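Just so you know, the protein sequences line up as chains G and R, in that order. Under numbering that gives the first Met the number 0, the first residue of the first sequence is numbered 0, with each subsequent residue one higher. Under numbering that gives the first Met the number 0, the first residue of the second sequence is numbered 0, with each subsequent residue one higher.
Read the hints as simulated data drawn from the structure, not as lab findings. Certain hints may be false.
What the hints assert, rightly or not - Partial chain R-side listing against chain G, Cβ under 8 Å, derived:
| no. | residue |
| --- | --- |
| 1 | Leu14 |
| 2 | Val16 |
| 3 | Glu44 |
| 4 | Val94 |
| 5 | Thr95 |
| 6 | Ser97 |
| 7 | Val103 |
| 8 | Gly107 |
| 9 | Asn113 |
| 10 | Arg130 |
| 11 | Lys133 |
Said to hold, decoys possible - If you want the footprint, here are the derived chain G segments under chain R, 3+ residues with CB under 8 Å:
| no. | stretch |
| --- | --- |
| 12 | 17–28 |
| 13 | 60–70 |
If you're wondering where the values come from, they're calculated on a predicted model, not measured in any experiment. Think of the CB as a built atom: it goes at the ideal place given N, C-alpha and C, for glycine as much as any other residue.
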Amino acid sequence: MNLQIEATGDVTVVEPVGRLDFDAAPGFQEALERAMGGAGKPPGAVIVDGARLEYVSSAGLRAFLLTARAAQRSGIAFSLCALQPAVREVFELSGFSRIIPVHADRASALAQAQQGRT
Amino acid sequence: MTARRTAVSADAAQLTVLHQFLRDFGSAVALDAAEVRTFELVLEEIFLNIVMHGSQPGSTPVVEVSLHRAAESVTMIVEDDGPQFDPLSLPPPDVTASLADRRVGGLGVFLVRNLMDTVSYTCVAGRNQLRMSKRLGG
Numbered sequence: 000m001n002l003q004i005e006a007t008g009d010v011t012v013v014e015p016v017g018r019l020d021f022d023a024a025p026g027f028q029e030a031l032e033r034a035m036g037g038a039g040k041p042p043g044a045v046i047v048d049g050a051r052l053e054y055v056s057s058a059g060l061r062a063f064l065l066t067a068r069a070a071q072r073s074g075i076a077f078s079l080c081a082l083q084p085a086v087r088e089v090f091e092l093s094g095f096s097r098i099i100p101v102h103a104d105r106a107s108a109l110a111q112a113q114q115g116r117t
Numbered sequence: 000m001t002a003r004r005t006a007v008s009a010d011a012a013q014l015t016v017l018h019q020f021l022r023d024f025g026s027a028v029a030l031d032a033a034e035v036r037t038f039e040l041v042l043e044e045i046f047l048n049i050v051m052h053g054s055q056p057g058s059t060p061v062v063e064v065s066l067h068r069a070a071e072s073v074t075m076i077v078e079d080d081g082p083q084f085d086p087l088s089l090p091p092p093d094v095t096a097s098l099a100d101r102r103v104g105g106l107g108v109f110l111v112r113n114l115m116d117t118v119s120y121t122c123v124a125g126r127n128q129l130r131m132s133k134r135l136g137g
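This is chain R alone, in the form it adopts within the complex (with noise of 0.2 Å):
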């Protein structure tokens, strides 16, 4: 198998079953420890995202992640029903501040776009979508 599809509430708690799901894919398509690694920070950053800005009173966004293994590359779509944002329409942070005007806004959003190969954003019927992906051994 080399596709593979979950969905979880916006709560942080499912992270730790983000996390497992990409384990367990990169298992089943032999991806190093490294790869899967850093998709597992990609997914957390991007989540943790949806997590503190999507919500609204009342309403809980489903997130929904797929992965699919190419030949030479990985790709992850995340799409959640929650507000339309566009992730990658925030300001990058200033990696080159001194220690007292660092900020970590922004940081996690930096680290998924330096860390991947590709990065778009498309709202789809209303759903925001997150497309990214990695060359393998590179």
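For reference, chain G alone in the conformation it holds in the complex (with noise of 0.2 Å):
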């Protein structure tokens, strides 16, 4: 799968672009670490927006429940925005939903963003 990773002050948006699946799940989940800051300063929020990520799988879910953890532990607030509707089903099916903000298009998501730090 390929990423577009793009930060904006202290915002940081990750855009998959393809399949999450077994095989691209490792590589994503390093991607979002990345985005998280690495070693570096972390930023204050992350957004993933799924706008083109066509497929989720367990495996993907479990990357993204890892980076959910991780930035609670960061302090950094982290959502998703623009799910696919076959995507956003499974989020809403395995209770992800309700863990991790999914707002309904970047704009909002940023929106939020924004607010979370006032």
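Dock the two chains into a complex; use the hints.
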């Protein structure tokens, strides 16, 4: 899978493109770890924009879960936005949309991230 | 052609082969992309369960997948010759647990149960057989 990472101010947006299956999950998780600052200064918020994410299996959910926990420990606001219907269904069925905030689109996720820091 | 069958060894590297098999089947029987992805997800979860739990030292199970398209449904049967194991006997995950208490174990089979209309397990002549079907367009 491909990824685009965009940092604006102290909000980092990660946009995965394609499929998040068992093969792609480890690389995706590493990318999220980097987006959370790695060894450097952590951002205030990390948003995963799912507009071009076509597929997520339980291996992908695991990467989201581990990232959400790491974000919580580091005080980083972690959220998702713009999930495609099939991916949103997987998040809802698995109960992940209760533990990770999911916004309708990037604009509302960004607005929430800004608001969260004021 | 409305039915197809393939067999691979229970090795995670074969997942891409199975996904391609499903996509080829999907084009051959005119399934829409969303239906194909649902079956890809279900097959990934079941196959990786066999990969993780089915191998014993010195023996890797063979996993056979067959797909059948009927007028209004698709049926997928996954068989393996690994140790007898009913994935449907796994306890369901607690999908209401907090972030700190959430576990990923069991989530795959849980998704399979929820994304398919029927799922049943039988052990036939020492082979594990999981049969799953889904109505189309619903």
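Problem - Satisfaction of the serine 97(R) interface hint, Cβ to chain G closer than 8 Å - result: 7 Å, holds
Exercise for the section: Closer than 8 Å between Cβ atoms is the bar; does arginine 130(R) clear it against chain G? Give me holds or violated. Expected result: For arginine 130(R), the interface hint is violated, since the closest Cβ of chain G sits about 20 Å away, which is over 8 Å.
Handout entry: Restraint outcome when valine 94(R) is required to lie within 8 Å of chain G by C-beta distance
Key = 3 Å, holds
Problem - Interface hint status, lysine 133(R) versus chain G (Cβ within 8 Å) - result: Since the shortest Cβ distance to chain G is 13 Å, the answer is violated.
Practice task
Let me know if the C-beta of asparagine 113(R) comes in closer than 8 Å to any C-beta of chain G, holds or violated.
Solution key: 5 Å, holds
Problem - Hint check: 8 Å Cβ-Cβ cutoff, glycine 107(R) to chain G - result: Holds, about 4 Å.
Problem - chain G contact restraint on threonine 95(R) - CB to CB distance below 8 Å - result: 6 Å, holds
Handout entry: Restraint check, 8 Å cut-off on beta carbons, for valine 16(R) near chain G
Key = 12 Å, violated
Practice task
Test coverage of the stretch 60–70 of chain G by chain R using CB-CB distances below 8 Å; three residues minimum.
Solution key: holds (count 5)
Problem - valine 103(R) as an interface hint toward chain G, with CB separation required under 8 Å - result: 4 Å, holds
Practice task
Closer than 8 Å between Cβ atoms is the bar; does glutamate 44(R) clear it against chain G? Give me holds or violated.
Solution key: Given a least distance of 6 Å, the restraint on glutamate 44(R) holds.
Problem - Coverage of the stretch 17–28 of chain G by chain R (three or more Cβ within 8 Å) - result: holds (count 3)
Hints 2, 10 and 11 from the list above are not met by this structure, while the remaining hints are.
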